[in-house]
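Participant: These protein sequence lines map, in sequence, to chains L and W. First residue of the first sequence: 1, per the working numbering; consecutive thereafter. First residue of the second sequence: 1, per the working numbering; consecutive thereafter.
Don't read these hints as lab results, they were simulated from the structure. Ideal Cβ placement from N, Cα and C applies to all residues, glycine included. Honestly, I wouldn't trust all of these hints.
Rough simulated footprint, nothing fancy, chain L against chain W, three-plus residues with beta-carbon under 8 angstroms [stated by the list, open to error]: (1) 44-54; (2) 65-76.
Listed below are the simulated BS3-like cross-link pairs for lysine-lysine, each with C-alpha atoms no more than 30 angstroms apart in a straight line [unchecked claim]: (3) 36/L x 70/L; (4) 9/W x 70/W; (5) 57/W x 51/L; (6) 83/W x 70/W; (7) 70/L x 57/L; (8) 36/L x 9/W; (9) 57/W x 70/L; (10) 9/W x 56/L; (11) 57/W x 36/L; (12) 57/L x 36/L; (13) 70/L x 56/L; (14) 14/W x 83/W.
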Amino acid sequence: GQQVMQIPQYQHVQEGEDFTTYCNSSTTLSNIQWYKQRPGGHPVFLIQLVKSGEVKKQKRLTFQFGEAKKNSSLHITATQTTDVGTYFCAGRPYNNNDMRFGAGTRLTVKP
Amino acid sequence: DGGITQSPKYLFRKEGQNVTLSCEQNLNHDAMYWYRQDPGQGLRLIYYSQIVNDFQKGDIAEGYSVSREKKESFPLTVTSAQKNPTAFYLCASSIEPAALDGSNQPQHFGDGTRLSIL
Chain L
1 GQQVMQIPQY
11 QHVQEGEDFT
21 TYCNSSTTLS
31 NIQWYKQRPG
41 GHPVFLIQLV
51 KSGEVKKQKR
61 LTFQFGEAKK
71 NSSLHITATQ
81 TTDVGTYFCA
91 GRPYNNNDMR
101 FGAGTRLTVK
111 P
Chain W
1 DGGITQSPKY
11 LFRKEGQNVT
21 LSCEQNLNHD
31 AMYWYRQDPG
41 QGLRLIYYSQ
51 IVNDFQKGDI
61 AEGYSVSREK
71 KESFPLTVTS
81 AQKNPTAFYL
91 CASSIEPAAL
101 DGSNQPQHFG
111 DGTRLSIL
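So here's chain L without its partners, still in its complex pose (with noise of 0.2 angstroms):
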């Protein structure tokens, strides 16, 4: 089943306002992936971490891996109508080949 868990499902805010999205995993993982998927669009990869505490930046978009290496984040500084989509987390536990998707966050962002 399921191993990565991602909250919140829906986020809306203002144009302006910050937004969060959070990723949990039972078990530790090899490293992190997110992707964002535009309305009616695939998932595109944004970014990959993969050692403990590592924090990378894209611009406005800022994200974390934990020291344990079982939850990480994504947070975008001051949203813009372009962030609308939404965000995918998808970890690799140490004891698998393969990726576990988390549900995804759907950012909506008002004018």
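On the provided structure of chain L, position chain W as indicated by the hints.
Facilitator: Below, chain W alone, put in the same frame as chain L:
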């Protein structure tokens, strides 16, 4: 341009029929994947293949079958045994499934096929 092509975009199936979804990639990727996407459940892995003529079941393989006769192609058959086939199906590929440093190659997705029951 390199990419993954899924066809058709929309597909309708009658009760009791098998139907095959096409997935072709020209990225020279070794690994290919099939996911099912339902509202609120994210992406669930159906089957994946790391090399030609080899594939493994994912979490929800029951009622589905695949083949990997060519590196470029990974068709998915939704059989009549799949009781709830209505969903959005996504095919993906990556250079290789996993690396020794703990990382995974990014997956590249097709545009998907939406399957509905008539």
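Participant: Against this structure, judge whether each hint is valid.
Facilitator: To see whether the hints hold, each was checked on the structure:
{"no.": "1", "hint": "44-54", "result": "holds (count 4)"}
{"no.": "2", "hint": "65-76", "result": "violated (count 0)"}
{"no.": "3", "hint": "36/L x 70/L", "result": "holds (21 angstroms)"}
{"no.": "4", "hint": "9/W x 70/W", "result": "holds (22 angstroms)"}
{"no.": "5", "hint": "57/W x 51/L", "result": "holds (29 angstroms)"}
{"no.": "6", "hint": "83/W x 70/W", "result": "holds (29 angstroms)"}
{"no.": "7", "hint": "70/L x 57/L", "result": "holds (20 angstroms)"}
{"no.": "8", "hint": "36/L x 9/W", "result": "holds (20 angstroms)"}
{"no.": "9", "hint": "57/W x 70/L", "result": "holds (25 angstroms)"}
{"no.": "10", "hint": "9/W x 56/L", "result": "violated (35 angstroms)"}
{"no.": "11", "hint": "57/W x 36/L", "result": "holds (25 angstroms)"}
{"no.": "12", "hint": "57/L x 36/L", "result": "holds (15 angstroms)"}
{"no.": "13", "hint": "70/L x 56/L", "result": "holds (17 angstroms)"}
{"no.": "14", "hint": "14/W x 83/W", "result": "holds (12 angstroms)"}
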